[in-house]
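Trainee: Per the UniProt record's numbering, the sequence shown starts with residue 1, numbered consecutively.
Please note that a few of the clues may not be correct.
[Said to hold, decoys possible] Under the rule of at most 27 Å between Cα atoms (straight-line distance), these lysine-lysine pairs were calculated in the DSS-like manner:
id : residue 1 : residue 2
1  : Lys231    : Lys157
2  : Lys231    : Lys129
3  : Lys85     : Lys129
4  : Lys231    : Lys216
5  : Lys194    : Lys157
6  : Lys194    : Lys22
7  : Lys194    : Lys216
8  : Lys22     : Lys216
9  : Lys68     : Lys161
10 : Lys157    : Lys216
11 : Lys194    : Lys103
12 : Lys194    : Lys231
13 : Lys68     : Lys157
14 : Lys103    : Lys58
15 : Lys22     : Lys157
16 : Lys194    : Lys68
17 : Lys22     : Lys58
18 : Lys161    : Lys231
19 : Lys194    : Lys129
20 : Lys129    : Lys103
21 : Lys58     : Lys85
[What the hints assert, rightly or not] Quick list of simulated restraints, FRET-style, between CB atoms:
id : residue 1 : residue 2 : range
22 : Arg246    : Gly183    : 37 to 47 Å
23 : Ala117    : Met25     : 22 to 32 Å
24 : Tyr46     : Gly225    : 12 to 22 Å
25 : Arg249    : Gly20     : 38 to 48 Å
26 : Tyr46     : Asp127    : 15 to 25 Å
27 : Gly224    : Met25     : 21 to 31 Å
28 : Thr95     : Pro182    : 18 to 28 Å
In case anyone wonders, no lab produced these hints; they're calculated from the structure.
Every residue gets a Cβ at the ideal spot worked out from N, C-alpha and C, and that includes glycine.
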Amino acid sequence: MEPVYRSVIGVARGLFAVQGLKITMSGLENVPRHGGAVMAINHTGYFDFTYAGLVGVKVGRLVRFMAKQSIWSNPVAGPLMTGMKHIPVDREAGTESFATALKALRHGEVVGVFPEATISRSFELKDFKSGAARLAQEAGVPLLPVTIWGSQRVWTKGHPKRMGRHGFPLRISVGAPIPVAPGDDVAEVTSRMKAAMQAQLDVDQAAYPAWPNAEKHLLPSRLGGTAPTLKEADELERVERAERVRALRRRSS
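Between the sequences and the hints, there should be enough to build the whole structure, so can you do that?
Mentor: Below, the structure written as structure tokens:
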């Protein structure tokens, strides 16, 4: 195994042990042992890439994640991301990152993608971008639907992180690979993938231990929590984007 990736995996496993995470995985038999695949993952917490990466490690695969380019500017995280051969994504100009991911897939790599693009503050599935399906179609590889439930309790957007020992349960499910033929409609494939991921989440949410009252703000309203609805979360993001644009204009003026 690659030395940088091996070191990071060791640190992550150590952190999981210190935290007492109770990780339950299902569907590992669905992960291809050879050849390329696009791993599509839901996004509710900042550590989702480490949990999804563990799926690959369990079966001897290293996942190359597509992540926002700004991470590479961090003096610690940047070299690690490069060493693990992750793929930087410029959200304003994604052509280069798409080409890099396509090349990795054609070389037999597993590429991890978050089709929601950002963390879901409602903890429900947001609208999916079509990039994962387009990558799979152009590379001639399957889509691998992966869902994670419980990661928002560790660290998510707008809430403090819980890095100490907490013993949170965490459920990770891998669905059956979804083939994408050259003539398939990408929007239909994306819809099918989202439906598969929702079905997986429904099962894991039903099996998850009783959610503590003190953390109802991290649970979707549909499940009795007080998290924003999808519509409310979308409005929060719209306001934040507008503020970022105003801040950029102030700095450049």
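Trainee: Within a Cα-Cα threshold of 27 Å, do Lys85 and Lys129 meet the stated pairing?
Mentor: 23 Å, holds
Trainee: Straight-line Cα separation of Lys194 and Lys157 no greater than 27 Å?
Mentor: It holds: about 22 Å lies between the C-alpha atoms, which stays within 27 Å.
Trainee: Below or equal to 27 Å on CA atoms is what counts here, so check Lys157 against Lys216.
Mentor: Status holds; Cα separation ~15 Å.
Trainee: Are the Cα atoms of Lys231 and Lys129 separated by 27 Å or less?
Mentor: 17 Å, holds
Trainee: Is the gap between the beta carbons of Ala117 and Met25 within 22 to 32 Å?
Mentor: 25 Å, holds
Trainee: Regarding the pair Lys194 and Lys68, is the alpha-carbon distance no greater than 27 Å?
Mentor: Given that 27 Å is the threshold and the Cα spacing comes to 22 Å, the pair holds.
Trainee: Does Lys68 pair with Lys161 here, judged by a C-alpha cut-off of 27 Å?
Mentor: 20 Å, holds
Trainee: Does Lys231 lie within 27 Å of Lys161 when you go C-alpha to C-alpha?
Mentor: 25 Å, holds
Trainee: For a C-alpha distance cap of 27 Å, please report whether Lys194 and Lys129 respect it.
Mentor: Holds, at about 10 Å.
Trainee: 15 to 25 Å was suggested as the range; check whether the CB atoms of Tyr46 and Asp127 agree with it.
Mentor: 21 Å, holds
Trainee: Hinted pair, alpha-carbon criterion (27 Å max): Lys129, Lys103. Please report holds or violated.
Mentor: Given pair Lys129, Lys103 holds - Cα atoms ~20 Å apart, limit 27 Å.
Trainee: Starting from Lys103, check that the Cα of Lys58 is at most 27 Å away, please.
Mentor: OK: Lys103 and Lys58 at ~24 Å, within 27 Å.
When each numbered hint is compared with the structure, no violation occurs for any of them.
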